[in-house]
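*Asks:* With the sequence shown counted from 1, adding 537 to any position gets you my numbering.
To be clear, the hints were calculated from the coordinates, so they are not data collected in a lab. Keep in mind that the hints are not guaranteed to be accurate.
Using 35 Å as the maximum straight-line C-alpha spacing, the simulated DSBU-like pairs for lysine-lysine come out as follows [unchecked claim]:
(1) Lys642 / Lys759
(2) Lys737 / Lys1017
(3) Lys1017 / Lys991
(4) Lys923 / Lys1024
(5) Lys682 / Lys759
(6) Lys737 / Lys756
(7) Lys851 / Lys756
(8) Lys759 / Lys991
(9) Lys1017 / Lys682
(10) Lys851 / Lys737
(11) Lys991 / Lys736
(12) Lys642 / Lys736
(13) Lys737 / Lys759
(14) Lys682 / Lys642
(15) Lys1017 / Lys736
(16) Lys736 / Lys1024
(17) Lys991 / Lys1024
(18) Lys923 / Lys756
(19) Lys851 / Lys991
(20) Lys851 / Lys1024
(21) Lys851 / Lys736
(22) Lys682 / Lys737
(23) Lys736 / Lys682
(24) Lys923 / Lys759
(25) Lys1024 / Lys682
(26) Lys756 / Lys736
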Amino acid sequence: MRPSRKSTGRWVCRSACATTGTPAITTFRPPRGRPRSNGSRNGSRLWSPFMSWQSRRSFLNITAGLAASPLIGTSRGWSGANDRIRVAVMGMGGRGGHLMTLSAKTRNIEVAAICDPDESRMRQWAASLEALTNRRPRTEADIRKVLDDDTVDALIIASCNHWHAPAAIFACQAGKHVYVEKPVSHNVFEGRQLVAAAKKYGRVVQAGTQNRSSARIWKATKLLHEGVVGDVYMARWLITGHRESIGFQHSEPPPAGLHWDLWLGPAPEQPFHPNLVHYNWHWFWDFGNGEMGNNGTHYMDVARWGLGRGLPAKIHSIGGRFGYDDQGETPNTQTATFEYPDGSILVGEIRGVFTGEQPGWYFYGSRGSMQILPGGQFHVYWDANKSPDPVRSWSEEMDRGVDPDTVGDAGHLNNFYAAVRASDSSLLRAHISEAHVSNSMCLLANISYRTGRKLHLDVEAETVVGDPEAEGLLRRAYRKPFVVPEKI
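Go ahead and model the full structure; you've got the sequences and the hints to work with.
*Replies:* Structural data, given as structure tokens:
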């Protein structure tokens, strides 16, 4: 796939001239192909949105069931040699390596470059990719150098949270399509800026909230929206799982091969300590968002999807870091409530020490309730009955005919690549504008926890009313030159 030369735009990435403060200007060429509408017409086969698209021909033949769901679209925007998409992957931990491998195994996808400030991780994953494809990717510690490459069509971001939105915004400005892992932003401001960047530059931006590519959860939410349990007035989600103490680590020089300045990126300047690299950064506010912004993002998204609501009017969250005394800053136990003007509520709960309760989602309606398990199996209950309805609930029969390449991580990536080929963001299952709402609710819950107060929101402006401290936490001070622009 190669871009057209017919239209051009510009983006500012402070890369080559970072030390002088002079921005380097790079020209991008938007990819060829016009946005297309969903090509579906009608049909009622429930699982057709998840049938195979392994070949372009089979993909174009999928039409049944799409009238009920915007999960897949068709396109003749690219064909032949130009069908190839060259991607770069940023953040070469387990998640980035997994997405790299899935992409490399996908027809007509070339992983052209990988990027990580830790050279040892890059070497390991570059060797892995070479063994798989007989082609060694370009390796770069600095994402700005990758974005300067106009032969790269799309960027997959699986870095630390504090880099997600800045890298995605810079990528949009550079003319790249983006697949960004959850959370899509570290704060509300940059999430809003990412939505604006995707729109302004016409980029396809998919969030890594893979539950949107679960055939089971898609079916469950469809039933909820059809009124299977009546009017849903409450959604609740619960995350459980014991996390050990991270202890305490003292500051020390960064290990050889770790480009510490690039790892910090937009975050405040500070010394290295081993608890930051490579996973426990989740539990420090400068880089992560706690469990609420980790797995909580997945759970919040499904709960809001099933409830059918946007941002709430009020948010209140309490919690703490219980069970041990360690260096972590974020809570390991947290409860958040979200109140809507119509009286409906959403409740999220994190238990990171010990619990015996079943994690998942619970929806309560005027006629009954629904439980969705982490694997997507769902059960419908009527009134006070303790046994699920055998007709309306999930059964193994429902899974038959679902192609594995259309669901889960692989299906979510395939959906992204299909939308890129079509140059049509409406085909995305996890559009950035939807993901931003779910993610903002997690971020706002953390702000309530940190301030110790209930938040009252101006939903349209996406801001907090009457609380300057909370409003200040909607954004961060960006370390130069990794600054998210005020004006996209």
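*Asks:* Now, for every hint given, state plainly whether the structure supports it.
*Replies:* Evaluation of the provided hints:
At most 35 Å may separate the alpha-carbon atoms for a hinted pair to count; Lys642 and Lys759 meet this at roughly 31 Å. The straight-line distance between the Cα atoms of Lys737 and Lys1017 is roughly 24 Å, inside the 35 Å bound, and the hint therefore holds. Of the pairs offered as hints, the one joining Lys1017 and Lys991 holds, with about 33 Å between alpha carbons and a cut-off of 35 Å not exceeded. Among the hinted pairs, Lys923 with Lys1024 is inconsistent with the structure: their alpha-carbon atoms are about 54 Å apart, more than 35 Å.
Distance restraint check for Lys682 and Lys759: the Cα-Cα separation of roughly 43 Å exceeds the 35 Å cut-off, and the hinted pair is therefore not satisfied. Restraint check: the Cα-Cα separation between Lys737 and Lys756 comes to about 33 Å, which is no more than 35 Å; the hinted pair holds. With a C-alpha separation of about 29 Å, the suggested pair Lys851 and Lys756 falls inside the 35 Å cut-off, and the hint holds. Simply put, Lys759 and Lys991 have alpha-carbon atoms about 32 Å apart, close enough for the 35 Å limit, and the pair holds.
At roughly 17 Å between alpha-carbon atoms, Lys1017 and Lys682 fall within 35 Å of each other, so this suggested pair holds. The suggested pairing of Lys851 with Lys737 holds, with an alpha-carbon distance near 30 Å, which does not exceed 35 Å. The hinted pair formed by Lys991 and Lys736 meets the criterion: a straight-line CA distance of about 32 Å does not exceed 35 Å. At roughly 30 Å between alpha-carbon atoms, Lys642 and Lys736 fall within 35 Å of each other, so this suggested pair holds.
Of the supplied pair hints, the one linking Lys737 and Lys759 holds, its CA atoms being roughly 31 Å apart against a limit of 35 Å. This hinted pair checks out: Lys682 and Lys642 have alpha carbons roughly 25 Å apart, not beyond 35 Å. Taking the CA atoms of Lys1017 and Lys736, the gap is near 25 Å; set against the 35 Å cutoff, the hint holds. Between Lys736 and Lys1024, the direct Cα distance comes to roughly 13 Å. Compliance with the 35 Å bound is thereby established for this hinted pair.
Under the criterion of a C-alpha separation no larger than 35 Å, the hint pairing Lys991 with Lys1024 is consistent with the structure, at around 30 Å. Proximity of Lys923 to Lys756 is assessed by CA-CA distance (about 22 Å); at most 35 Å being required, the pair is judged to hold. This hinted pair checks out: Lys851 and Lys991 have alpha carbons roughly 7 Å apart, not beyond 35 Å. Simply put, Lys851 and Lys1024 have alpha-carbon atoms about 28 Å apart, close enough for the 35 Å limit, and the pair holds.
The straight-line distance between the Cα atoms of Lys851 and Lys736 is roughly 28 Å, inside the 35 Å bound, and the hint therefore holds. At most 35 Å may separate the alpha-carbon atoms for a hinted pair to count; Lys682 and Lys737 meet this at roughly 23 Å. A distance of roughly 24 Å separates the Cα atoms of Lys736 and Lys682; the hinted pair therefore holds under the 35 Å criterion. Between the alpha carbons of Lys923 and Lys759 the distance comes to roughly 23 Å, so the proposed pair stays at or under 35 Å and holds.
Our distance criterion of 35 Å between C-alpha atoms is met by Lys1024 and Lys682, whose separation comes to about 23 Å. A distance of roughly 29 Å separates the Cα atoms of Lys756 and Lys736; the hinted pair therefore holds under the 35 Å criterion.
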